[in-house]
Every structure is written in C-alpha cells, then in structure tokens.
Amino acid sequence: MIVRPHEHWLTRIFVWHGSVLPKIFSRLLLNFLLSIAVILMLPWYYSLGIKLTVAPFSILGVAIAIFLGFRNNACYARYVEARLLWGQLMIASRSLLREVKNTLPDGTSVDSFVRLQIAFAHSLRMTLRRLPQQETLSRYLTPEQLSAVLAVQSPANHILLLMGNWLAEYRKQGVLSDILFHSLNNRLNDMSGVLAGCERIANTPVPFAYSLILHRTVYLFCIMLPFALVVDLHYMTPFVSVLISYTFIALDALAEELEDPFGLENNDLPLDAICNTIEIDMLQMNAETALPPKMSPDKCYQLT
Amino acid sequence: MIVRPHEHWLTRIFVWHGSVLPKIFSRLLLNFLLSIAVILMLPWYYSLGIKLTVAPFSILGVAIAIFLGFRNNACYARYVEARLLWGQLMIASRSLLREVKNTLPDGTSVDSFVRLQIAFAHSLRMTLRRLPQQETLSRYLTPEQLSAVLAVQSPANHILLLMGNWLAEYRKQGVLSDILFHSLNNRLNDMSGVLAGCERIANTPVPFAYSLILHRTVYLFCIMLPFALVVDLHYMTPFVSVLISYTFIALDALAEELEDPFGLENNDLPLDAICNTIEIDMLQMNAETALPPKMSPDKCYQLT
Amino acid sequence: MIVRPHEHWLTRIFVWHGSVLPKIFSRLLLNFLLSIAVILMLPWYYSLGIKLTVAPFSILGVAIAIFLGFRNNACYARYVEARLLWGQLMIASRSLLREVKNTLPDGTSVDSFVRLQIAFAHSLRMTLRRLPQQETLSRYLTPEQLSAVLAVQSPANHILLLMGNWLAEYRKQGVLSDILFHSLNNRLNDMSGVLAGCERIANTPVPFAYSLILHRTVYLFCIMLPFALVVDLHYMTPFVSVLISYTFIALDALAEELEDPFGLENNDLPLDAICNTIEIDMLQMNAETALPPKMSPDKCYQLT
Amino acid sequence: MIVRPHEHWLTRIFVWHGSVLPKIFSRLLLNFLLSIAVILMLPWYYSLGIKLTVAPFSILGVAIAIFLGFRNNACYARYVEARLLWGQLMIASRSLLREVKNTLPDGTSVDSFVRLQIAFAHSLRMTLRRLPQQETLSRYLTPEQLSAVLAVQSPANHILLLMGNWLAEYRKQGVLSDILFHSLNNRLNDMSGVLAGCERIANTPVPFAYSLILHRTVYLFCIMLPFALVVDLHYMTPFVSVLISYTFIALDALAEELEDPFGLENNDLPLDAICNTIEIDMLQMNAETALPPKMSPDKCYQLT
Amino acid sequence: MIVRPHEHWLTRIFVWHGSVLPKIFSRLLLNFLLSIAVILMLPWYYSLGIKLTVAPFSILGVAIAIFLGFRNNACYARYVEARLLWGQLMIASRSLLREVKNTLPDGTSVDSFVRLQIAFAHSLRMTLRRLPQQETLSRYLTPEQLSAVLAVQSPANHILLLMGNWLAEYRKQGVLSDILFHSLNNRLNDMSGVLAGCERIANTPVPFAYSLILHRTVYLFCIMLPFALVVDLHYMTPFVSVLISYTFIALDALAEELEDPFGLENNDLPLDAICNTIEIDMLQMNAETALPPKMSPDKCYQLT
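Protein chains in written order, with my numbering: chain W, 1 to 304; chain X, 1001 to 1304; chain P, 2001 to 2304; chain A, 3001 to 3304; chain U, 4001 to 4304.
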C-alpha cells in the first residue's frame, strides 16, 4: 500500500532490500567460486579430453528460459488473483455496510455488525497466515461468538453465518423486505467467494513437479555452465557465469515467493495494511471516531 | 490441501516422490545408453560420412520449447480451472446452506438437505473418477433417492433435481417467498455450472493431435540429440544429452498428468480431501457433532 | 466425450488416426524428395557460388516458431471457447428444466417445452455445420412451429422465441409470478448468449492475413531449409529437414483445424455426441423412458 | 460473416487480396534493392574494414520476435474484444425484444421500439467509424428524436435514453411491474456496456510508445540485415533478406490493422454486415416482411 | 481519447514526442561512448588475454527478452485493466442516471445527484493522482458534503455513501419500490468496484523484485555488450550495440511507465479527458446547457 520512490536507474542496480539478492547470495557466491576452480583446473581438464561447448547450453538455456517464463507467469497470476480477492473483500465490505445503513430504519445501531465485518477480514488474514486468532478476534466479538467461531474448522465462514443471522433477524421482524434481504445476502455470498478463493490459493500450490523440474534444471544448468564457458572466456568466466546464473536463479527464487502470496516475505501481500484500511473505512462509514492508527511502511518501503 | 515444507534448494534437486522422475526414469536411462552407444560407434560413424551438427537442432529445440510451453500452459489452465470449479462448489455449498438456515422458519430441520449437499460433492467426485457410487451415496441418501439417482445418465444432476424439489416444497407451502426461492435456486444453478464445467474438462481433452505432435517431436528430438552432440562433446555427450532430454521429457510427461486433473496421479487434484472439507463444513454449519475424521496427507505430502 | 486410452509412449509416436499426419503426408514427402534433389545437385550448386548457411535460418526459424505459437494459442482459444459455450448450453438447459419443473404447479405437462429445448440444441448444431434442419427438427416441433422456425434467418433464435412464448403464457394465466418468470427468462438469455457466441466463432475467423503470413513463411522456410542444411549435413539432410518441417507444418495444419471447431474433422468438437447427451438428460429429467441410444465412439476413438 | 473457401496449401502462398502484401510491397522491394546494392559494394565494404556478422543480429532478431509476438497478441486481443462486444449487442438486442414481446400485453405495437434498437446499432457503427449519422438514422427515428440524438456528444447513448423512456412509460401506466421493468432495464445496461466498451477500444490505442519501439527496431533491423547477411550468403542475400523482412514487416503491419478493429481496412470487423444481420433479426422477430437485402461478400470474400 | 494520424512508416522511425526516447537518450549515449572507449582500448584488451564472445550473450539476451516480454505483458495488463475500470465507471454513471430519470416521478429534480456523480469521477481521479481535492470538489458539493467527504480516508467512498443516502430518501418516502432501489443500488456497487479496483492498481505495484531483477540484468547486459561485440564488429560496434540496447532499455522504461497507468507521463491514461467526457455526458442527459468546454489534445496528440 505504499509507492516506492523512483530511484535513479543507475542506483537501482545496487538495491539490496526488497530484492531476492539476500536470499540467493550464497548460491551466486558458490557459482563464482566454482568458476574460479574451473579456471584453475583447466589444464587437467584439457588433458582428460573432456570438452564442453556453449552450443548445447544455448538450446538448454533458451528452453529453460521459456519454461521459467511460463512458470513465473503462473506464480504471478496467483499473486494477482490473491490481491484481486482482497480488493473484492474491500468492495463487498463497503457495499454491504452502505446498503445496511441505507435500508435499515434510521437510528438502528449497526455497531455489532461493523465489528463482525472487521472480524471477518482479520480472521481471513490470520487463517491464511496460520496465526492464532483468539486474541485479535476477542477485540471484535462477544465471548459467545468467539467460542463458537473458534470451535469450527473455518472460523471466517462461521463469522459469515453470524452476519447472516444478524440480517435474518431484521427480516423476521419485518424490517427488511425479502428483496432487500436478498440483496444484502448477495454481498455475504461475495465475501464467501473471497474466503473460498483465498483458501484455494493457500491450499493448492502450483503442481509440485512443475516447480521441481524447473528448480532442478536451473541448478544443474548453472552448475555445468562454468565448464562450458571456460574454454571461450577463460578469465572472464566467473563474471559471465554469475550474471547468467543470477538471471535464472533470481527468477526461480522470486517465483517461489510469489507462489504463496499470503506469506510474510518481502514480496508478499501486505495483508496487515489491507485489514487496517478496511477497519478504518468501516469505522468511518459508521461515523465512529476511535480509529486504530493508520499503518505506515518501514524504512525499506515494506508493509506486512 | 497441504503445504509441503520448503526443503533446502540443494536437497530439493534430489527429490523423488511427487516428481515425474519415477515415471520417466526408464526413458532417460534409454537416452543415456543410446549416448554411450553413439560414442562407441563414432569411428564407424565418421567413416560413413554421416555428419550431424548442433545448429539445426538448435532451431528445432527452440521451436519445440516454445510449442511445449504453450501446451503446458493449456494443460495447466485445465488444472487451474478444475480447481476453481471445486472452489466454486465450496462457495455455493456454504452460501446455499447459510441462506437456507437464515430464511426457513426457526426450528425447520435441514438434515436431509445437508445430506443431499454432501452427496452431490461425493457424486461429482466419483463421476469424474469413474468410480462406483452406490456404497458412498447410500450413506447420505434414502433408498428411494438412491435408486432414482443411480438410474440416470448423470447422478449428480439428479441430486440437484432432488435439492430443487426439497426447496420447491417449502415454496408451495408458502414458507419461502418467490424472491427467496429464486435466490436459493441461483445457488443450485451455480452448482449445475460446476457440474457441467467438470464434465467438460473430464470429457474433452486437449485436442489429441496437439499432444501427439509434441510427444512425437520431443522423442524424435531426444533420440537424434546424441548423434548431434557427440562430435563436439565426445565423452560428455551422455550427461548433456540426459540433461536436455530430462527438461523436455519431464515437461511432456507433466503436461499429460495436468491435462486430466481429476485422476489419481501425484499431481492431480486432492478431490477426496476437498469432499472431506466440504462434508465437515456442512455438518458444522448445521451444528452436528458426529463428524468424519479430517483427512491428512501421507508421508510424501500427498493427498488423494 | 470419450477418453482415449494412454498408449505406451513409444507406440504413441507411430499413431496415424486422429493425428494430422494423413493430411500433411504429401507435403512432407515433397520436402523429403526436394532434400534428395538438393543433395544430388550439390556439386553444381557449389560451382555457381551459391551458399546458404544455417545461421540466418535460425533467426527465421525462431521467429516463425514464436509467431506460430501465438497463432496456435489464438486458434486453441477459439476451440476452448466453443466447448465452453456448449457447456453453458448444458448448464442452461438443465437449470431451465429444473426450474420449470419446480415452479409450475404439479401435474403441468412440460413435454412440449422439453422438445423445444432439444430442438434448440440440434438447430444450433446444424446451423453451425451448415446442414439442412428440416428433417431433424420435425421430430421435435409441431408443423406450425417448424415452418415458422425455418422461415427466418436464425432458426435457433426463433425456437428461443417459442420457448419464451410458452413461459409467457403461464405468466399471463397468473401461474408464474413476475419474479419466477424473470428467473426463467434469464436462462433463455443464457441460451441466447450461447447462440450468439457460437455464431460469432463460426462467422468471424482469425484475421485472414494472420493465417496467411504464417502459412506463407512456414512453407517458404521449409522449401529453403534443405538448401541451407545440405552443406553441413549432406546425407542426413532429408531426415533433419523432414523432422523440422513436420514440427512446423503439422502445427500450422492443426491450427487450421482448431480455428473452425464446429467442423467435421478429426480434432473438431463432437457436437453430435453433446446433443445426444443433452437430449438424454432432458428426457430423463422429465422421467421419460423412450430414450435415443447413447452415442459411442468409433474404433479410432472419434466422435462426430 | 463469410467463410473463405479452403484454398490448396500451395496456391494459398500466392494470395494477394486480403493479405497485407499490397500495403508493404514497396518496403519489401526497397529491401530487395538495398540487398543488391550491398552485394555490389561488397569489395569497397571489405576495404573499409567494416564487418558485420549474423550472430548479434540473431540476439536482436529473437528479441524483436518475442516483443512483436506480445504486441500482436495485444492488438489481436483488441480485435477479439471488439467482436465480442458486437456479439453481446446481438445477444442483448434479441433478448430485449423477446422479453418486450413476451411481457407487454398482446397487441401492443413495438414497431417504434424495434426502430430504436436498429438505430442504436447503426449509430454505434457510425460513431466508431466517424461517419455522419443524420441520413441513416432518419430512416428509423422521428424528426424530434433525430434532432435530440444528434445534439449530444454521444448519439447512441441518447438512443438508449429514448428506449428507457419508452419502457418507463409502460411502467408508469402500470402495464409493466417493477420486476419486469428491472429485467428489461438490465438489457439496456448491457447495451450501455457494449457502447462504452467500443468507445474505449476506439479512443484508447495501444500505448503509442509500444508500437513505436517495435516499428523502429523492426525497420532498423531490416535495413541492417543485408549488411550482415552478405558476407555469408553473397548472391543469395536478397532472397533471404526479403523473406526475413517479410516475416517481421508483415506482422508489424497486420498488428497496426488489428489495433483499430473498427476501421475499413481488409482485416477489420464487418460492422455493416453485423448491423444488417441485427436489422433483419429484429424485423423478423417483429414478424415484419419488408426486410433489407442480406449483405453478401465481394469477390475477394470481403465484407465491410 | 484522440487518434494520432497514421504517419508514413518512414517518418515514424524518427518520432520524438510520445516515445520513451527523451527519457532514455542519456543512457543510450553512454552506451555509445562506452562502445567507442572499448574500440580504443582493444589492443590493451587483447594483451590482457581477456576474451568475450557473443555466444554466452546470446543465451542471456534471449532469456532477458523472454522475461522482459512477460513483465511487459504484466505491466500492460495493469494499463488495460485500469482503462477498463474507467470504462466501467462510464457505463455505471450513464446507466445509473438513466435509471434514476426513468424511475423517479416526472419532475423530480436530479441536479444534486448529477453533481454527486460528477464529483465521484473527479474525486477518484484526484485520489489516484494524489492531488488536493478541495477546490475541484467544491464546485459540485455543498459545503457540508464537502467537509464530510474530506474528513475521511477515502473521499470517493464517502461520495458513494451520499449517493446511497439520496436514493434511500426516496425509498423511505415510498417513491422508489424495494426492487427499483435494489437495482439502483447495484449501480452504486459497480462504482464501488471501480473505486476499489483503481485503488488496488495504484497501491499494489508489480512485485518490486520482479522489476528489479529485469532492470539489473538489462543494464548489466547492455554494459557488457560492447566488450563482446568488439572482437567481431570492430568499428561497427557502437551502432549495433546502441540498437540492441535501445530495444531492451526502451521496453524496460516503457514497462515502468505502464506499470503506473494513473500517472502524468506520456503513455498514461488521460484521466482528465475521461472525467471531462463523463461530466458532459451527465449534464447532457440531464438536459443542462451550461457545459464545460470539451478537452482537446495538445500539438503532440497528448491528453492529460
């Protein structure tokens, strides 16, 4: 939820935080050392009659690049869809509260309903990040609600059930007509869609074999690369080998981060900040003034 | 429905279970042996004036990689859509039960309706996997329902018809207004969409010729590869040939697995686990306490 | 609507039926003969000072592969969308009949409505395949309906109009409330969407120039290929040339088949079988017992 | 709206009409002449110590092919979406008229409403093609309607307003219930969606810099190509250079045609024919017999 | 919102405004100067035994081109989605006003509602561009509305709340039935969807590491390129190096522009012009005659 300043194109080359460099630095160092070892053992290498040329590695490199491109696309699509779902939660939350306030008789208190809406967002966030929910939810739910919510397999789904009950009560009292109840209920269905969509992304990774094949070929390719480059490039081998390896290994590592967009790594979605925004929006729409502080990013432009 | 732990990047190269390696190991071995044979017959090969260079194989390799990439995309899209449809079944099931509980008068028993919902999920699963349905469905349906369901071409569709009848009964009694019946009926339509969508994926494979052309070119390419590599690489031929072949053959084999996401192979969808989750959710929403045990993955992190 | 058995990966290389091989065999043979002619005239070729190397063909080959990949994607997307539309017809047909049976008073005969639904599917199929419709439709429609349907530009659209009239009659009698009529009418709109979607695919091919450019470059590339390969490969030229040509020409030919998914070629959609399934489903939902026989595939696993 | 006969694969290589050849012929001729000039000045070229090899052009060629592929995809997506929108207009027009005829009391004349629907299609077509609308619209609208429609920024939107007024009149008379009016109004919203979608495509081209970068690199690449090819290919340079240039320039030119699908060029959408089909459909659904003649394609299989 | 004239293909190569050239000119110049330096130091370069060949750069160049292609696609998808959302705002605005005018009793003044609609578009635009809103909004809102709108985190969302209140007032007076209120409220939900969608695009950039990896590899590639080219090309190095660098750097720079489509750079969306069109449309639909002047593009065919 923050926009990073446009650094100069030249300084941007050396950015460390927020990149995947810290994570893959050791692997690139290994590649560099391997390249130096290969240069040193070149004479012995010749004497054995072993020869590796760049041409076959060209076929392999292009093939891996194509497959890696498709895999990165698939992982990025998961990230984009996850963000879209949280955007739909924002839409449904605002629309639901607006409709509730516009259709219930003037003066009806919606405070408890607003708390249920906020609790839903937090519960979804904590479910996706596999965090304990009791403490946070206790701020928004009554003790009976809380114990019922925590007793079931899917807490967020139970909160939806409670929201449905709250609305159904007004229908049974004759305050909400069937058509308006139907309309409000559709917003709950939208939220149910967000919930199941996020569960789907969190529980069904990209097929394991897909990641594995690429992971494997990328690393074998990078390991064999110095042997193929050394005949042509000699002293320049380590630099070119590390540059090529960086391109492939960095994208492989990034794909892994994007594959699980609900995690807590650098390039994951800032769920805390989104929940914070939803909470403030809900409270302001209900004209409340006791608001939580607005979250701001840390010095590396990161939000959690 | 389980998240595999992040193994170290180095150990991950040697993972066996869950990869496609067991399936294609014999083909790679064949490629390795062929490469050795090619090295041995190299002198005789020269004497015949036969010469193969890497350059034309570079054109072919890149072309195959591009087409294979597109096909893998198409197969992966089937997998993703199949998972999406089961996610929509989850959404529709929860939303339908919530609406039913919220709109029918307090105290109305929905037990039989919950059983119909669970039976629908199981029937869809067993239809897609071409399994006999009688035994499983008898746990949820009355004998009359069961015999009617098994008599028709599409059992799951008949279960939807029964759910519609159950709801229509309340409308005819004047308990459900037309607008609420219309809303509940839309959830049945959503489930009908899931059913027809899954049937579509199961019954209409990727055009056979598409798979065939790529299968054929991949294998012919891998067979001819050692002949082209041997002149340049000599003793290193088997290693490079197997690495390139692995990249192509493994992705071809994976595409075949993903093409039919409802199967029982390693990288197929865990339909048993999804049905288990739906069943527990439905029962908990109905406040029942006799729940089936939650499924957990085997030691290779696989669910069925 | 049938799943082909998984042949062994080795036998699969030699499959003939269902592949595009029969269609392009003569072109590959021509390429083979041309390659032999090029080998024979090589000395004369040298004396003329004509020289062609593989390098420029590498640029061209990769460029064509990329563009061919995109075009195949576009043609495959048409195939997938066409199948999706027929799947939506299945959804709408089942949902419409379920709703009609659930909302009309018990004992209302829906036989004539079921016939209109079946006629719609067949009329759509025959319109897309440009077949005469009179004989088939006469099995489902009354003579007056038939003559009205055949008199207009779009017969299937007129059948929708008749279905709308049938439903409107009940609304005017006060048997269907406005809200239920609105709901049923939405199903008709879905079917109207399927109709217009299929018409769109059938009447608007991929831009002609797109197919043409690729067709042209693929063939010119394959014709010039032996001249470039012969200097390096000599006697091996025909084999490599035919393998590369096969990859490009087969995908070009397949794209042409997929572009028009409603045809009667091997890789087109089995519209007869889908209509057959819809017909049986409709009749079974109406509890009729005189069913048409279920279609089964021929010995090459093909359905029409 | 017409299907071109499948010419033989061999004759298809020489098709002129409907291809982009007429448009780019002069550029290819220029490339051919440049290649000949390069051959002639080869000795002088050597003496200057200028040398260009194919290898760097290989990197450039592949990079351009990839980017051109993505751009063509983007332009084709605009074409497909434009066709989709006109297909949705067809769906909405038919559904709206069917609903109007089914829900208004028997005997209500819908002639003027049918004219408004036809006028909407023609107005949209003429707006997109920036044609004067007065003459055509005067055939369907009353003088007062016409002057009101032509006075505003978006004539088609005003026609929608008139259709809404026509329907609202019946609601105010109590002939249409709110629920049926709501349903009919949704069809108008669909048409509003088509209108704004087409305006969006017509007014927002692919970012200019995107087209420009590719246009520029394609032409600079083709201009430098003969200099790189001549050392290896000598007398064959013109043929290979023109073939490669054709592949790149033709796709660049086609992308430009597809980018604006509402134009009047060969590969643009046949809006006249689509409007003609809508007009005949509307009149036949209203059981009118004075129909405009059905449009048929010219001798080059082109429709406007 | 303006169509640039089709310049001749030859002059188009030299276009300066609207391209990314002004932005990257200094980097290309640097590349040119570096190439000249490399030529000058070539003898010293040889004596050190440093050798760089084009082959490894070919692998790297193709890999970067593939990844850059995918990234450009992702950034372009953001641009397209952003434009789509503003198109949906256009649809929702027109449909909402048409419905309001058609369903409220004749003679009801909708002037204040029209102002709220216009204010929503402007507020959304200014939020996305992080501009102060007070002055512009004061033209459309009453002072009380204005202070309430500016007090909250999301001004545009509060305007939606005000529109909902305006409509709810008529429902409470019994002038709007529940079904018509539900229909109008759905249009507000559509606008809420546009709002949250735009916020999502503005606040969630493409994962930073993704841009970073490509930025880094593109620049390192371009810096090392002259060293690899100089051995083969000698005096021609600067020209080929700058051409290749231009292709890569220009697309990298364009992707950055497209990534944030709401900015004020050359290739960003003309939000001012879209708001202007919405404003004129709304006022003309309300038959007002005091219209703002229609915006027209500057001499470089640019709109803001």
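Note that these hints are calculated values from the structure, not bench results. Be aware that one or more of the hints could be misleading.
[To be verified] Covered stretches of chain X (in silico footprint by chain P; criterion: 3 or more residues with CB under 8 Å from a CB of chain P, positions within the stretch not fixed):
#1 1079 to 1086
#2 1152 to 1165
#3 1175 to 1183
#4 1268 to 1282
Note that beta-carbon positions come from the ideal geometry of N, C-alpha and C, so glycine has one too.
Worksheet item: How does the coverage statement for the region 1152 to 1165 of chain X fare against chain P, requiring three or more residues with Cβ below 8 Å from a Cβ of that chain?
Response: holds (count 9)
Fill in: Within 8 Å of chain P's CB atoms, at least three CB atoms from the region 1268 to 1282 of chain X: coverage verdict
Answer violated; 0 residues pass the 8 Å Cβ test.
Practice prompt. Confirm or reject the coverage of the region 1175 to 1183 of chain X by chain P under the rule of 3 or more residues with a beta carbon closer than 8 Å to the chain's beta carbons.
Written response: Held - the region 1175 to 1183 of chain X has 4 residues with a Cβ nearer than 8 Å to chain P, which meets the minimum of three.
Worksheet item: Given as covered by chain P, does the region 1079 to 1086 of chain X meet the bar of three residues or more with CB within less than 8 Å?
Response: Check failed, 0 qualifying residues.
Hints 1 and 4 from the earlier list are contradicted by this structure; the remaining hints agree with it.
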